[in-house]
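2 protein chains.
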Amino acid sequence: MAKAKKSTKKKQPVILITNDDGVTAPGIRALVESVKGLGKIIVVAPDKPQSGMGHAITIGHPLRLQKVSVFDGVETYACSGTPVDCVKLAVDKVLKGKPDICLSGINHGANHSINVIYSGTMSAALEASIESIPSIGFSLLDLSIEADFTAAKKYARILVEHVLGSKSLDKHLCLNVNIPKGEEGIIKGIRICRQAYAKYEEEFDGRKDPHGRQYFWLTGAFVNFDKGKDTDVWALKNNYVSVVPVQFDLTHYALKKKLETNWKF
Amino acid sequence: MAKAKKSTKKKQPVILITNDDGVTAPGIRALVESVKGLGKIIVVAPDKPQSGMGHAITIGHPLRLQKVSVFDGVETYACSGTPVDCVKLAVDKVLKGKPDICLSGINHGANHSINVIYSGTMSAALEASIESIPSIGFSLLDLSIEADFTAAKKYARILVEHVLGSKSLDKHLCLNVNIPKGEEGIIKGIRICRQAYAKYEEEFDGRKDPHGRQYFWLTGAFVNFDKGKDTDVWALKNNYVSVVPVQFDLTHYALKKKLETNWKF
Numbered sequence: 003m004a005k006a007k008k009s010t011k012k013k014q015p016v017i018l019i020t021n022d023d024g025v026t027a028p029g030i031r032a033l034v035e036s037v038k039g040l041g042k043i044i045v046v047a048p049d050k051p052q053s054g055m056g057h058a059i060t061i062g063h064p065l066r067l068q069k070v071s072v073f074d075g076v077e078t079y080a081c082s083g084t085p086v087d088c089v090k091l092a093v094d095k096v097l098k099g100k101p102d103i104c105l106s107g108i109n110h111g112a113n114h115s116i117n118v119i120y121s122g123t124m125s126a127a128l129e130a131s132i133e134s135i136p137s138i139g140f141s142l143l144d145l146s147i148e149a150d151f152t153a154a155k156k157y158a159r160i161l162v163e164h165v166l167g168s169k170s171l172d173k174h175l176c177l178n179v180n181i182p183k184g185e186e187g188i189i190k191g192i193r194i195c196r197q198a199y200a201k202y203e204e205e206f207d208g209r210k211d212p213h214g215r216q217y218f219w220l221t222g223a224f225v226n227f228d229k230g231k232d233t234d235v236w237a238l239k240n241n242y243v244s245v246v247p248v249q250f251d252l253t254h255y256a257l258k259k260k261l262e263t264n265w266k267f
Numbered sequence: 003m004a005k006a007k008k009s010t011k012k013k014q015p016v017i018l019i020t021n022d023d024g025v026t027a028p029g030i031r032a033l034v035e036s037v038k039g040l041g042k043i044i045v046v047a048p049d050k051p052q053s054g055m056g057h058a059i060t061i062g063h064p065l066r067l068q069k070v071s072v073f074d075g076v077e078t079y080a081c082s083g084t085p086v087d088c089v090k091l092a093v094d095k096v097l098k099g100k101p102d103i104c105l106s107g108i109n110h111g112a113n114h115s116i117n118v119i120y121s122g123t124m125s126a127a128l129e130a131s132i133e134s135i136p137s138i139g140f141s142l143l144d145l146s147i148e149a150d151f152t153a154a155k156k157y158a159r160i161l162v163e164h165v166l167g168s169k170s171l172d173k174h175l176c177l178n179v180n181i182p183k184g185e186e187g188i189i190k191g192i193r194i195c196r197q198a199y200a201k202y203e204e205e206f207d208g209r210k211d212p213h214g215r216q217y218f219w220l221t222g223a224f225v226n227f228d229k230g231k232d233t234d235v236w237a238l239k240n241n242y243v244s245v246v247p248v249q250f251d252l253t254h255y256a257l258k259k260k261l262e263t264n265w266k267f
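As given, the protein sequences belong to chains A and B, one line each in that order. Under this note's numbering, residues 3 to 267 are what the first sequence spells out, in order. Under this note's numbering, residues 3 to 267 are what the second sequence spells out, in order.
No lab work stands behind these hints: they were computed from the structure. Only true hints are included.
Simulated DEER-style distance windows between Cβ atoms:
(1) T221(B) / L40(A): 32 to 42 Å
(2) K38(B) / E262(A): 24 to 34 Å
(3) Y255(B) / G184(A): 21 to 31 Å
(4) K156(B) / P212(A): 46 to 56 Å
(5) K50(B) / E186(A): 40 to 50 Å
(6) K13(B) / I188(A): 48 to 58 Å
(7) I188(A) / D207(B): 42 to 52 Å
(8) G222(B) / E35(A): 27 to 37 Å
(9) G208(A) / V72(B): 16 to 26 Å
(10) G187(B) / Y255(A): 28 to 38 Å
(11) K38(B) / L40(A): 54 to 64 Å
(12) G75(B) / I188(A): 57 to 67 Å
(13) K239(A) / S146(B): 49 to 59 Å
Here a beta-carbon is modelled for each residue, glycine too, at the ideal position from N, C-alpha and C.
Construct all of the structure, not just a fragment, from the sequences and the given hints.
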């Protein structure tokens with residue numbers, strides 16, 4: 003298996019790539035192509051779709067890691083686990099050290115607003131950031147397997163170059179990048195945003211199986227409650243690429259202060 | 003199925019209980035017992051262990067929901083999905099409305115510091131909070147199936163009473179509560195804390211199967227990098243119950259400001 007930094011003579015950056023749609027998804031191919039020439043690329047991605055896996059890890063059963071041939075000239079491994087498992091295994095067993103950057107995606111479908119929390123794509127990026135590896139998760143607002151990644155590739159490269167050039171900004175730097183659907187020409191630029199307050203209004207689709215027993219499909223409508231013009235949802239609606247810096251400290255500091263004042267035990 | 007608020011004559015609060023260790027785990031029984039008499043309890047919990055599932059949701063296949071008999075006099079459902087699925091299904095299909103509070107746990111094992119992000123227990127609580135349902139996730143620092151939940155039950159009840167009595171503090175109130183292992187007498191009290199900066203140093207245990215093919219078990223050592231005395235790890239080490247208010251807005255606002263200043267596209 004590759005030995006990350008040690009085997010790279012010209013000190014070119016090591017770029018770890020993963021995703022949640024699986025190693026054979028068109029989106030990860032687009033991401034590999036978009037950063038060609040920026041460093042030594044290693045791919046460790048799930049061997050099957052892992053959408054909606056959030057920050058799940060595999061603890062109840064063992065993981066498999068298989069060398070596969072998917073991208074021309076790029077060392078690639080398919081992992082039986084979740085996107086977060088892929089990052090952990092890549093660092094410990096494939097690279098045997100930290101890459102210079104970890105990229106995840108390009109996801110087929112949006113990961114703006116509350117989606118960040120359900121997204122395997124973003125959880126992989128966040129896992130890297132926990133490991134002090136700068137990371138970016140990319141998502142295109144197009145679920146189709148035939149999605150056009152031209153614009154996404156262009157902006158992915160611009161952002162990777164920015165992060166590689168400014169690593170000192172934050173050792174846990176992690177960006178949630180969403181790219182509008184459509185032709186490259188419609189995109190007006192890049193906006194640094196906050197996560198919009200939005201959620202899904204669930205309505206499970208209840209059905210009966212051939213034996214008369216009920217089962218449910220998760221469905222739901224996306225509802226944006228956030229009127230702010232500094233949000234990712236606003237930026238995307240107005241044809242900007244949205245960039246939300248994210249963190250893994252979930253402490254609600256404002257509420258902490260309130261509780262300290264109001265609660266006496 | 004139960005009709006949440008409509009069917010409760012005395013306007014007693016509706017208490018939804020879930021967990022990630024599964025509906026038959028001793029920890030959820032302890033939680034049910036601890037809040038008896040505080041409201042109408044409904045349990046919707048996974049039909050099997052779902053530890054480490056984080057905020058995973060089930061989108062690729064349908065979900066089952068089965069009425070089961072586990073707790074005396076408590077309407078209980080086992081769900082084939084993740085802890086987050088349980089909350090979504092409970093609200094949409096079991097309660098057909100929002101409970102007054104959602105409780106998750108009591109988890110067999112710690113969910114302090116970075117564990118919050120991998121934890122099915124806490125993801126269920128966070129999901130409720132996204133739905134504007136006040137929520138608390140409880141975890142006991144004892145992985146054993148024979149763990150003593152006496153102290154955990156006592157403090158769970160105290161905290162549930164506090165939240166039910168002060169719902170106006172924040173409509174997305176979500177608490178990550180950890181309880182030290184050991185006798186009730188050793189606990190010094192309750193501390194409001196922030197999430198410690200700590201992580202796992204992974205070391206996958208690589209083995210060969212009987213056919214000579216490699217597989218990996220996720221293992222790792224917990225390392226606390228945080229010297230603060232206001233963290234959950236500090237509180238627990240000093241025999242306090244730790245209470246960390248958590249949120250689902252992952253935006254890193256300080257980094258957002260830095261990027262806005264430093265990055266020009």
